[in-house]
Each structure stands twice: as C-alpha cells, then as structure tokens.
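Trainee: Hey, can you work out the whole structure from these sequences and the hints?
Here's the letter readout for the chains.
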Amino acid sequence: MLDARSLFPGLPAGPGVGYKPQHFPAIMDDPRPVEWLEIHAENYMGDGGRPLAQLRHLAERFAISVHGVGLSIGGEGRLDRDHLARLRHLCDWLQPASFSEHLAWSTHDSHFLNDLLPLPYTEATLTRVADHVDELQEAIGRRMLLENPSSYLTFDESTMSETEFLTDIARRTGCGLLLDVNNVFVSATNLNLDPRAYIDAFPLSHVGEIHLGGHDEDHDDHGAPLLIDSHGRAVADPVWALLDYTLAHAGARPLLIEWDSDVPEWPILAAEAQRAANALQQVPA
Amino acid sequence: MSPTQTLFHDALLDGNAPVPDGLSDGQGRAAGRRFDVYRNNVAVSLTEALEVGFPAIRSLIGPENFKKISGLFLRQKPPSTPMIMQYGTEFPAFLEQFAPLLHLRYLGDVARLEQAQREAYHAADRAPVEAGEIERLSPDLMAQARLELAPALRVLRSPWPVHGIWRYACQDGAPKPAAVAEDVVITRPEFDPVIKVLPPGGAVFLNALRDAHNLTEAAEAALGEAPGFDLAEILGLLLAGQAITAVISPKEQST
Chain A
0 MLDARSLFPG LPAGPGVGYK PQHFPAIMDD PRPVEWLEIH AENYMGDGGR PLAQLRHLAE
60 RFAISVHGVG LSIGGEGRLD RDHLARLRHL CDWLQPASFS EHLAWSTHDS HFLNDLLPLP
120 YTEATLTRVA DHVDELQEAI GRRMLLENPS SYLTFDESTM SETEFLTDIA RRTGCGLLLD
180 VNNVFVSATN LNLDPRAYID AFPLSHVGEI HLGGHDEDHD DHGAPLLIDS HGRAVADPVW
240 ALLDYTLAHA GARPLLIEWD SDVPEWPILA AEAQRAANAL QQVPA
Chain B
0 MSPTQTLFHD ALLDGNAPVP DGLSDGQGRA AGRRFDVYRN NVAVSLTEAL EVGFPAIRSL
60 IGPENFKKIS GLFLRQKPPS TPMIMQYGTE FPAFLEQFAP LLHLRYLGDV ARLEQAQREA
120 YHAADRAPVE AGEIERLSPD LMAQARLELA PALRVLRSPW PVHGIWRYAC QDGAPKPAAV
180 AEDVVITRPE FDPVIKVLPP GGAVFLNALR DAHNLTEAAE AALGEAPGFD LAEILGLLLA
240 GQAITAVISP KEQST
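One line per chain: the protein sequences are A and B, in this order.
Numbering-wise (numbering that gives the first Met the number 0), the first sequence opens with residue 0 and increments by one.
Numbering-wise (numbering that gives the first Met the number 0), the second sequence opens with residue 0 and increments by one.
Derived by calculation from the structure, the hints in this document are not laboratory data.
These numbers come from a predicted model, not from an experiment.
For every residue, glycine included, the Cβ atom is placed at its ideal position computed from N, Cα and C.
Careful, some of the hints might be misleading.
Quick partial rundown of chain B residues pointing at chain A, CB under 10 angstroms, derived from the structure [said to hold, decoys possible]:
(1) Asn15
(2) Asp35
(3) Ser79
(4) Thr80
Cβ-Cβ distance ranges computed for the label pairs, FRET-style [said to hold, decoys possible]:
(5) B:Val51 / A:Ala25: 18 to 26 angstroms
(6) B:Glu219 / A:Gln21: 25 to 33 angstroms
(7) A:Pro283 / B:Gly61: 56 to 64 angstroms
(8) B:Ala126 / A:Ala223: 34 to 42 angstroms
Mentor: Right, dumping it as structure tokens:
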C-alpha cells in the first residue's frame, strides 16, 4: 500500500480549522490544539488590505491549506482562465502546504452560482473532470486534492458509484483526494446507503486530508431524512464515529474542522479541534 | 437522460420552473424538494453576500424588503466571478431602477458608497508619504508637483446627502441627514476605510489629481467650482488618510 504521509508531505497529520478573520487575535495568542489552517482561496484574491496582511502573518506560523470553492471543476464549459491565473498567483506567493477543490460545478455561462452543484457519474463526466484536474494541476504547478461532495439527489444517468468515479480520477490525473467524512454521512443518509461501505470502497491511500463539519436535519417529500451540509454547528456524534472507523482504516491524516456559518467563539472551535486531536491520538502510529 | 447544466442552472434560478427530469432520491422516486436544497443554497448564500456588502441599504429598507429585493437581483444578475467579495457592482443601478423604490432615489448612491467602501477595503497596499515630503518643497516646486493617490482612495459625488444618510443608517444616534448634496471621499489609513464628506471643490481637486494634473491645475479647477476651496484643508485630510503615496516634483520628473 502507498504511504499517504510521504505522498502528501505538506500538512501535519494533526487538527486544523477553517480560518475565520474574527479568530485572528485568539489564534495568534494561543492556537492550541490547532496545528494548521485552511483558507478559502476566493477570499484572498483581493489586491491588498487586512485579509492579505493577516494571511501573511498566519503563513509565517502555520502550514496553510488553500481550499478553492469557485473553480467549477465539474462544469460543462471550459475552466475560467482568469480564475486559474488567480489561483496560480495565490499559490505562487503563499506557497501553501496543500491545495484542494471540489468534485462539483458552480459556474455556467459566466454565472457563478456560489454552491457546489452535483454531477452525473458517467464516462463523459469522468473525461471532463480528469481534463480539468489536469489543467488545474498544470496551472498551479502542484498536485491537488479533490473533495467528495454532499449529495441530496442522484442522476438516473449515472453508470458508476462516486467511489469508483473518484478512484478513476485519482488514477488518471495523479491527484490526491480530500475525504469529507461529514459529506459521506450526509450523502449516505440522504441516498439510503451505508456510510461504512462508502469508506470501505474509498481509495484511502490517496487521501491527503480529511474534513469534518456540522449538518442540519430536514426531510424530503416522503418524510425521509434529508441532511443539509451547512457547516453551521458542531460535528454530529455519528460523524465522529464514522471518523473513528475511517482513521482505523486509513491511519492518521490532516484533520480539518469546518465551521462556516454561525461561527462560534474561538474556544468552542478549539474544543472541536481538540476532539479531532483525541480521535487522531487513538490511531495506531 | 440527465439534465444538462443549462437546464439545471435555469431551474435553480427560477423557483417556478419544474424540477428537471432525470433526478431522483436514489430509490427511484423523483427528486422533488431535494432539488430545492440547491435552489435554497444559491439564493441564501448570495443574499447573505449582499447583506454583508450593503448593510446601510438593508437598514434603510428593512431586512425583509432587502431579502425580497436581493432575491430578484440575484436571479437577474448572478455573480460573474467566484470572488463573492465583489458581488453587487450592479446593485446600485438595480435599486435606482426598481419601480417600488423610486421614491427613495438616494438608495443608488448610498449603495455606491458601500460598494466603494468594500473596494477600498480590498485595494492594493501602498506606503504613504509623510507630511514632510510636501512641506520641504519650495513654493515653486510644490505648485508644479503631482500627487500619486493611494489605490484605496475613492471619490463619490452625489446630489443627495449620501454621507448623512449612510451614517444615519449605520450608526446609532446619528443625526438626521440635512437636505444638501454631499461629495464623499474614502481613505484607508492602514486597514479600515474612513468615509468623510469632502469640502467644496474637493471632488474636482481629487479627480484632477487622478487625471495627472499638478497641484496648481487641480486647485484652479477646484476654485472654479468652489471659490472657498482650501488647499491646506484637503491636503491635511489626504495626509491623515494616508492617501498620498508619492509626491512627484518637476525636478524628479526631469531626471
């Protein structure tokens, strides 16, 4: 089996958090137990001012993961050349420890819809996504991690499972994968699948980072549970259990807490990171 | 057949459109309101982006009205780039042309002020000059000097008391705006934009400087509009706002 730690040397296999500017003073004062930070690439594409100044300070002390949320890798159209150039510029000056993006689309006919929209898993999609991953890796001059989505529905046209699709993308492009365990739980609940079977089928040796986040609970037209990937609350207990299962099979990995809306005070986020640290400590070295 | 992204996109932005065919819950039943999760994500996230960008407009027309108007705007003018911090450049013009708001004709300029404030926040950094760099110039050199202004500097001319209305909307206890036209300047000493009313002639002066006119030419243009134009006052305002980034005197220009 491939050794993921030598494949993905950039981020420490410890707890990280999604960075929010309101936490800057607390992080600079005492970041424990957080070892690394993730930023959304698109928030740092301004020309200057406080966002970039804070990022420069943080990058002196922490490994930074750049997480793109706007490239639309699954888009039917061509990738946005201007946006590729902006991503390249950010990676060039920041030299992040990792770069990741999503298996999703968000732009159509120059309309950016600000959501991670779903894809049918077909040969045609596979070819298109692989081409776009190649183009992105070429543009930023580094290997990327591609993240599994949260699903609320499926396409009748799909001919393969999501894990088969991601395995093939990684094989064709050489990219790594970002495994969002909350997304696995959300998708499995919504589509009535077994989340552990998804983890069993996932190419864990390609995983360079794991995400955890909170979800909301709703119901579909038939009263079936419909979980929403909101990142607006603490990680749910069954997701922590699925993390333990994942880590037992994958080994320790860089582990990120995402909390993007209703963002709490730093001590609450740090406590979530501590829970992630505890989960990592139980993984055999 | 799966829906194309064109069909998916159109149905996302039109809540009355049927859910595209070919989508299901994974067990053979039509996707139904599962599709609404995406509709909701798009509308809510873009509305939130506008709420962050235009808090004074939200305060002036009320949160519920703002939500409704944002919903109309985001469907007509979705973002054209993934840089959401820039979303809303067309919002001021939209507000001005939106029939139910025609009686609040100042909203467009208040929105322009908020947009300019956001631009200033993200503008490029440039080290400011010290006051001494201007003071040490001889009167002759000073008269012919050109000033380079900070990338964050913004000037907004309005027939409305745009600063007064903005302040009334954003600050508790702010006085009611007076019925006067106001020109506004935004500077960014270090990181936080500062919004100030310009004295008479100030906007003409700053626009002339930005068009590469020298101090004499810019001051004459300002005096042409406002006989009481005070050069020292506006230079003080610019220096305090760290808005002058280079003094280019003719001597330096010739070398």
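Trainee: Now tell me if each hint is right for this structure.
Mentor: Hint check:
no., hint, verdict
1, Asn15, "violated, 17 angstroms"
2, Asp35, "holds, 9 angstroms"
3, Ser79, "holds, 5 angstroms"
4, Thr80, "holds, 6 angstroms"
5, B:Val51 / A:Ala25: 18 to 26 angstroms, "holds, 22 angstroms"
6, B:Glu219 / A:Gln21: 25 to 33 angstroms, "violated, 48 angstroms"
7, A:Pro283 / B:Gly61: 56 to 64 angstroms, "holds, 58 angstroms"
8, B:Ala126 / A:Ala223: 34 to 42 angstroms, "violated, 60 angstroms"
When held up to the earlier numbered hints, the structure conflicts with 1, 6 and 8 and fits the remainder.
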